[in-house]
Amino acid sequence: MVRLRYEIEGGNFNRAGNASSNVKKVLKQLNIDQRLIKKIVVALYEAEVNIVAHAYEGVVDVEISPSQINLILRDKGPGIPNVDEAMKEGFSTASQKVREMGFGAGMGLPNIKKNVDLLEIETTVGVGTTLKMTKFFNDATE
Amino acid sequence: MKLSLIVELLDARLVSGKIEGEEIERGFCSDLMSDVLTLETDRMLLVTGMANLQTIRTAEMADIHYVLLVRNKKASKEMLNLAAESGIVLIETAMSSFRCCGILYGAGLKPVY
Chain Y
1 MVRLRYEIEG GNFNRAGNAS SNVKKVLKQL NIDQRLIKKI VVALYEAEVN IVAHAYEGVV
61 DVEISPSQIN LILRDKGPGI PNVDEAMKEG FSTASQKVRE MGFGAGMGLP NIKKNVDLLE
121 IETTVGVGTT LKMTKFFNDA TE
Chain A
1001 MKLSLIVELL DARLVSGKIE GEEIERGFCS DLMSDVLTLE TDRMLLVTGM ANLQTIRTAE
1061 MADIHYVLLV RNKKASKEML NLAAESGIVL IETAMSSFRC CGILYGAGLK PVY
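Chains as they are written, first to last, in my numbering: chain Y, 1 to 142; chain A, 1001 to 1113.
Pulled out of the complex, with its shape left as it was, chain A reads as follows:
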């Protein structure tokens, strides 16, 4: 799934990175970074309500290039800087995790498990 479609479906805003890019194969939703760090999948979108610097650090370590912040959580300046430095695309939406996951799953984004 293209990022542009995800942005459209979730009425999301791109706050870091570019809209064009590789195909995103899978999605994973968690606020628990410990859980995210156990994944062997990359090329995926992380859907999370956890908006802090460690969210971006976790994505960096786990080779996750796309992060969606839900429920109007705003990326801090430090998060934006780190995302830009690490090449992580960051988007924000007002929708809940549940709603985002439902929409994306319904549109064909595959789960990790």
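Same shape as in the complex, but just chain Y:
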């Protein structure tokens, strides 16, 4: 079991993606199928950008076993008032600054869901959000 931890700074777009980039390198070293790596790191990157865009700070915990990868992203932030709405394509509460970076079109959470096998969202308004994502390594043919 490989365990990794990264800290995410809210608002700092210069560092957004550092965790995803690092996880991508580790997965390559572990010889995971390239198509699976892309799905995993796209989901992680979207989630990382969400923390940078919306929260004050966050932590990413990564667990890689021979069968799967678990990614847990916990943030301190505004939380998501309506998860069903946030899961709809096109729904966004992102700021102008976030939109200027090429994000905030309301495609993040739906795209995360598309790329992972399991997604769980726990959120409390005014406290923060936890995203738990799992991708199994045995579905490279999907």
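The set of hints was computed from the structure by calculation and includes no laboratory data. If a hint is listed, it holds; no wrong ones were tucked in.
Distance condition first, Cα-Cα at most 27 Å in a straight line; then the derived DSS-like pairs of lysine-lysine: (1) Y:Lys38 x A:Lys1018; (2) Y:Lys38 x A:Lys1110; (3) Y:Lys25 x A:Lys1077; (4) A:Lys1077 x Y:Lys97; (5) A:Lys1077 x A:Lys1018; (6) A:Lys1110 x Y:Lys114.
Label-pair ranges, simulated between beta-carbon atoms: (7) Y:Asn31 x A:Glu1020: 20 to 30 Å; (8) A:Ile1103 x Y:Lys28: 33 to 43 Å; (9) A:Asp1035 x Y:Glu9: 22 to 32 Å; (10) A:Ser1004 x Y:Val127: 50 to 60 Å; (11) A:Leu1005 x Y:Val125: 45 to 55 Å; (12) A:Lys1110 x Y:Gly126: 41 to 51 Å; (13) A:Asn1072 x Y:Glu9: 30 to 40 Å.
Note that beta-carbon positions come from the ideal geometry of N, C-alpha and C, so glycine has one too.
The hints should help you fit chain A onto chain Y, whose structure is shown.
Positioned in the frame of chain Y, the structure of chain A alone reads:
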């Protein structure tokens, strides 16, 4: 399509990476990185007017090896460093997105959708 032909057709400058390389099959044009991250295609050229570090990060995550910055947008030093580290070829042109896409499509570069 070879990168060398793309550079010639668009009067572009290579600012990171090597001119020789694999055949580029498809092109996609967007300033919206969220949109780029939904693509399942790789081996493609991203045509964009969005010149910031997240453009290169997005390309890195999405396995996009070729990025064209239009309208004289310049890659920053951080973008160049990240592109070099991630093996992403970066080119710049004075032409608009519309003009680049028209020329490349006309010359046979396939669309993603």
